[in-house]
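**Student:** Listed here are the chains, written in short residue letters.
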Amino acid sequence: EPEVTQTPSHQVTQMGQEVILRCVPISNHLYFYWYRQILGQKVEFLVSFYNNEISEKSEIFDDQFSVERPDGSNFTLKIRSTKLEDSAMYFCAISYNEQFFGPGTRLTVL
Amino acid sequence: RKEVEQDPGPFNVPEGATVAFNCTYSNSASQSFFWYRQDCRKEPKLLMSVYSSGNEDGRFTAQLNRASQYISLLIRDSKLSDSATYLCVVNMWSNAGNMLTFGGGTRLMVKP
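Read top to bottom, the protein sequences are chains A and B. If you're matching positions, the first sequence starts at 4 in my numbering and goes up one per residue. If you're matching positions, the second sequence starts at -5 in my numbering and goes up one per residue.
Where hints are given, some of them may not hold.
Computed cross-link-like contacts, DSSO-like style, restricted to lysine-lysine with a CA-CA straight-line distance of at most 30 Å [what the hints assert, rightly or not]:
| # | chain 1 | residue 1 | chain 2 | residue 2 |
| --- | --- | --- | --- | --- |
| 1 | A | K60 | B | K36 |
| 2 | B | K36 | A | K86 |
| 3 | A | K60 | A | K45 |
Derived from the structure by calculation, the hints contain no laboratory data.
Produce the complete structure using the sequences and hints provided.
**Tutor:** Following this line, the structure appears as structure tokens:
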């Protein structure tokens, strides 16, 4: 099973601040995904990233969100101006058919 | 209509019991099917993929009925460690890659 780490494990921020969540796959992968899970709700797809560009995104992934792979290994999700409703677990996933998830970052927006 | 629908439970069963979960999906173009397990405040972990012919992995058996758009998971000889939320997941391949669509999960509690 591929391994994925995510940092930080918990991020607390003030509304309106920018946050960057990081995902580091242990081995090389072409496909990356971000999902989020609001407490008590289902896991929701945000975006898929292939060959260094966005391949698919959901309605949730609006202009406040962006993704990049700045150095060929880390895969980041940036939220430009956080809102209270952005509070959730954010999971990075890798692979193509069967997806494997990282441990997640808990984002708390105050 | 929800894309992937599951009974949220909880299912409370004694150790050693057999328990079955069901799931229905709305998009007939869905191509791949999975069961994930999620422990409280943890990431989803792949339990098994689900194939049209049905498949078994130890105490776990998954079935797919494409005509009825229905997926099932059977757990035999339940263990305390099986207590978790079981997520029914489908995806639809496209040239852009694939995105997983999750059900809300079915919570299982196995009691001694």
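**Student:** So, for every hint listed, does it hold in this structure?
**Tutor:** Comparing the hints with the structure gives:
Between K60(A) and K36(B), the direct Cα distance comes to roughly 24 Å. Compliance with the 30 Å bound is thereby established for this hinted pair. Only pairs whose Cα atoms come within 30 Å are accepted, and K36(B) paired with K86(A) is accepted, the gap being roughly 23 Å. At roughly 17 Å between alpha-carbon atoms, K60(A) and K45(A) fall within 30 Å of each other, so this suggested pair holds.
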